[in-house]
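J.: Given two chains presented individually in distinct reference frames, assemble the corresponding complex, making use of the accompanying hints.
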Amino acid sequence: MEVKPKPVQRKPLEWFNLKGKRVGFWAYVVMRLSAVGLVLYLFLHLVILSQLAVGPAAWDNFVALAKSPAVLLLDVVLIIGILAHGLNGIRLTLIGFGLGVPRQKLMLWIGLILTLVFGVLSALAIFAETK
Amino acid sequence: MVEKQLTRERTSSWSWILQAFTGALLLVLLGLHMVVQHFVVEGGLRDYQQVVEYLSNPFVFLLEVMFLIIVTWHALLGVRAILFDLGLQPATERKVTAILSIVGVITIAYGIWLSATIVAQGA
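Residue numbers (my numbering), protein chains in the order written: chain Z, 207 to 337; chain Y, 7 to 129.
Derived from the structure by calculation, the hints contain no laboratory data. Owing to the predicted nature of the structure, the values given are computational and were not obtained by experimental measurement. All C-beta atoms in this analysis are idealised placements derived from N, C-alpha and C, irrespective of residue type, glycine included.
Computed from the model, here is a short list of chain Z residues facing chain Y with C-beta under 8 Å:
id, residue
1, Lys-217
2, Pro-218
3, Leu-248
4, Trp-265
5, Ile-332
The following label-pair restraints were derived from C-beta to C-beta distances:
id, chain 1, residue 1, chain 2, residue 2, range
6, Z, Gly-302, Y, Ser-62, 36 to 46 Å
7, Y, Ser-62, Z, Val-260, 12 to 22 Å
8, Y, Ser-107, Z, Leu-330, 35 to 45 Å
9, Z, Lys-311, Y, Ala-115, 38 to 48 Å
10, Z, Ala-263, Y, Ala-87, 33 to 43 Å
11, Y, Phe-65, Z, Leu-320, 23 to 33 Å
Isolated chain Y, as found in the complex (with noise of 0.2 Å):
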């Protein structure tokens, strides 16, 4: 029971840090994706044309990148500790992070094949 318990608070330190370190990281990634994709652009989102060029440069592709990842992780981390807070059993509670990781691979599989995609297209 106490080792069960000690457990459960590693988990939920483990996962309260890596909340807190990709938010932090978000601050300046999704700052940064705010003010280049839409702040500075006339008329607030690019062309299709505008869209292949500007993501075509390889530091803006690296920038989307990381914030799709970094924005997944702290998304799905969340949706975590909402359903924990429902009062799983440990076996669910497994689940729900495996799932939950397999939910993530995807996203950000799919985001980076979307991005290769769209840079193809321009070349």
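Looking at chain Z on its own, in the form it has when it is part of the complex (with noise of 0.2 Å):
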């Protein structure tokens, strides 16, 4: 008889218990707080975008205030959080879809790598811009 495995549930609690963990489970971890942080901005942005409908005026502040250092440094922690969530999840994907499995972790590493090199290039053209 065959015993099929259960699959890996992890409560949110346990993302946080590293000890002895491999670093595809770091990974893990990055996508799930990525996510987390990435759906409550797309609720925030639509909020946000609602100052379209109230006006000009309340548009034209908060673009006043999105221009401010405080602002664009959390602009900068977000293309990071898009950036390390779209990279890892091409290599979910391709995994997933049994390409690749060997040189998972490379990808991972690659992932990583891409991700800190467009972060520091959007950071400095995020900043740069507003000079």
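T.: Structure representation (structure tokens):
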């Protein structure tokens, strides 16, 4: 009789139990935390865009606020979150379809490097723009 | 028991495929959104008048609505996966799916209404 393995289920508190975990688990934690952050951001984004329905003054006030250094720093955090989540998502999708499984760890490092490279480039672009 | 397990597996596999599919679309849609809404714009953000003019272009409107639908779908599928990992009863799982579907429809409807309102303000 074939016994099917139960699907892995982890409650959110277990995301933070990193003791003795392999690097793939770190990727899982980054994926989940960035996911939560991006979902919250999506709804925040829609709330902020609602200022456009209020009128020109409301929106242009927000634009002024959005150009303050603190908000620009949050933009960099957002872009790094998107890059990490998206690039790891490509890796997980490939693995899910059975592609590149032996190279899954290499793909993880490539994703990390691309996240850092594009994160730094975005930060430079963002802060250069508003000078 | 065996039947329940099979159902669960089928459920998790369709949601996984959808998550991967919407994720792949987001590589294009979010990439385009970031470039056309922020990276090519002087100062990174359009002022009110520029937003109204820009969104009045039907192609831009369509692109943003597609992005809204796919990103909301992807986000809520992700929330669903995290909630399902709590080890919910099948009845609770069905409720979660139903509630998140409603949240998704409302979110998308609101986004489309907002976009249409912005365009109407320019008309």
